[in-house]
Amino acid sequence: MPPGAAHSLMKGTAASMSVMKRVSLIFRAKANKALDRMEDPRETLDYSYQQQVEMLTRVRRGVADVATSRKRVELQMNSLQKEVTRRENQARDALGKGREDLARAALQNKASLQGQLNDLQGQYAQLQEQEEKLTLASQRLQAKVDAFRTKKETIKATYTAAEAQTRINEAFSGISEEMGDVGLAIQRAEDKTAQMQARAGAIDELLASGALEDHVGGTQDYIQTELDRLGAGSDIDAELARMKGELTGGAPRQLEANPNGSPEAAGAQAAEQPQAGDGS
Amino acid sequence: MIVRILGEGQFRVDDDVAAKLHALDTDLDAAVEAGDEPAFKKVLEASVRLVRDSGDRVPDDTFVTADLILPFSDATVAEVRQLLADGKIPGDSSVGQP
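From first to last, the protein sequence lines are chains A and B.
The first sequence begins at 1328 in the working numbering and counts up one residue at a time.
The second sequence begins at -11 in the working numbering and counts up one residue at a time.
Don't read these hints as lab results, they were simulated from the structure.
All residues carry an ideal CB built from backbone N, CA and C; glycine is no exception.
Where hints are given, some of them may not hold.
Stated by the list, open to error - Result set (BS3-like, lysine-lysine): computed pairs, CA atoms no more than 27 Å apart in a straight line: (1) Lys1348(A) / Lys1360(A); (2) Lys29(B) / Lys1348(A); (3) Lys29(B) / Lys76(B); (4) Lys1360(A) / Lys1483(A); (5) Lys1483(A) / Lys1460(A); (6) Lys29(B) / Lys1460(A); (7) Lys1348(A) / Lys1460(A); (8) Lys30(B) / Lys8(B); (9) Lys29(B) / Lys1360(A); (10) Lys30(B) / Lys1348(A); (11) Lys1348(A) / Lys8(B); (12) Lys1348(A) / Lys76(B); (13) Lys1519(A) / Lys30(B); (14) Lys1519(A) / Lys29(B); (15) Lys1398(A) / Lys1460(A); (16) Lys76(B) / Lys1460(A); (17) Lys1409(A) / Lys1398(A); (18) Lys1360(A) / Lys76(B); (19) Lys29(B) / Lys8(B); (20) Lys1519(A) / Lys76(B); (21) Lys1398(A) / Lys1519(A); (22) Lys30(B) / Lys76(B); (23) Lys1460(A) / Lys1519(A).
Said to hold, decoys possible - What follows is a list of derived Cβ distance ranges for each label pair: (24) Glu33(B) / Thr1384(A): 29 to 35 Å; (25) Thr1395(A) / Glu33(B): 37 to 43 Å; (26) Gln1448(A) / Ala66(B): 24 to 30 Å; (27) Gln1377(A) / Asp2(B): 36 to 42 Å; (28) Asn1359(A) / Pro47(B): 20 to 26 Å; (29) Val52(B) / Leu1463(A): 16 to 22 Å; (30) Gln1469(A) / Asp2(B): 25 to 31 Å; (31) Glu1401(A) / Asp24(B): 35 to 41 Å.
Taking the hints into account, I'd like the entire structure generated from these sequences.
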């Protein structure tokens, strides 16, 4: 016997038994255990039906929870996509201003964000799959429960003896297997949703605090501040040119060729000149 | 023979398919015991496809228990091990405790 076989539920027969068989025995044992506890078979039917209706509510709530999670991830994807686009624009802006270093930093940042976005897209697909599966499970259970309700009344109406008991056992075991299946499906969806909510919560916080950029690249403020400074610099140059034009009473085009401007204007011109050259 | 795929419902398969499934089940068991995830995925996928393609869906108004139950089509070795080890099925407590 392989060492792992010892953990098997059905220890005595594990060596020759398979996974699919063992799982079916677990489900059957569960139904039999429940049946053994029942005293009045007719009450079994009513009680079981009540449980089925509750299970239907649970599975529908499960579908709604997964959908909520999926929508949240969707919103985050949109936010991240905006950040990615912003970085790309920053890089283009920086290149236009001759600052390849800034462009590089922006693109590095963009790559980190893109990585997070790809990760979220994977999660989104998984949630979508869970939602679809759970929706199908809910529809299947609904059909089963409807059929059970009809069967229950038929059995009760003809309830006489051992034959009815057999039919009750069959119906009960059949629906019990379905309920177990759906129960497992709900649990899986809940587990997956919980995992994703934890991760989504972390990203939400980062996005809300504006720390995401710093978290991934650590240079967001630096890039934007530099770009803003460069942008402001050229605005100032333009304003200076306009003022100089006013002072000399001529058109701004005379500015560069005018060595006789006022001392203030000349000083400002000298100070701004390197940056103007830098920026264009 | 009746086969259930967890998350997908029950199917009725003929003897030929049942025999193939039993063979696959042996491989599946070996993969679980060995903790061989790729092998497990491969065998599970083949089993699920066989049942989906060759089985007939059991009608909703038929209440039968399955002879074989396949794990969820995207299950992992760890998941199956846990199910086999503790034998706990959610919904357990909600059924049959009058």
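**Message:** Check the hint pairing Lys1348(A) with Lys8(B) against an upper bound of 27 Å on the C-alpha distance.
**Reply:** holds (14 Å)
**Straight-line alpha-carbon gap Lys29(B) to Lys1360(A), limit 27 Å** = violated (32 Å)
**Message:** Please verify whether Lys1483(A) and Lys1460(A) have alpha carbons no more than 27 Å apart.
**Reply:** violated (34 Å)
**Prompt:** Straight-line Cα separation of Lys29(B) and Lys8(B) no greater than 27 Å?
**Reply:** Distance ~17 Å between Lys29(B) and Lys8(B) Cα, so the pair holds.
**Asked** When you check the alpha-carbon spacing of Lys29(B) and Lys76(B), does it fall within 27 Å?
**Response** holds (23 Å)
**Prompt:** CA of Lys1348(A) to CA of Lys1360(A), is that 27 Å or under?
**Reply:** holds (18 Å)
**Request:** Mind checking the hinted window 29 to 35 Å against the Cβ distance between Glu33(B) and Thr1384(A)?
**Result:** holds (33 Å)
**Message:** Within 20 to 26 Å: is that where the Cβ-Cβ distance between Asn1359(A) and Pro47(B) falls?
**Reply:** For Asn1359(A) and Pro47(B) the Cβ distance comes to about 24 Å; the hint holds.
**Prompt:** Honestly, do Gln1469(A) and Asp2(B) meet the 25 to 31 Å range at C-beta?
**Reply:** For Gln1469(A) and Asp2(B) the Cβ distance comes to about 29 Å; the hint holds.
**Message:** Between the alpha carbons of Lys30(B) and Lys8(B), is the straight-line distance 27 Å or under?
**Reply:** At roughly 15 Å apart (the allowed maximum being 27 Å), Lys8(B) and Lys30(B) satisfy the hint.
**Message:** Quick check on a hinted range of 24 to 30 Å for Gln1448(A) and Ala66(B), using CB atoms only.
**Reply:** holds (25 Å)
**Asked** Taken at face value, is the distance from the CA of Lys1460(A) to the CA of Lys76(B) at most 27 Å?
**Response** Satisfied, since the Cα-Cα distance of roughly 21 Å is no more than 27 Å.
Figure legend: structure checked against the earlier numbered hints; hints not met, in rising order: 5, 9 and 25.
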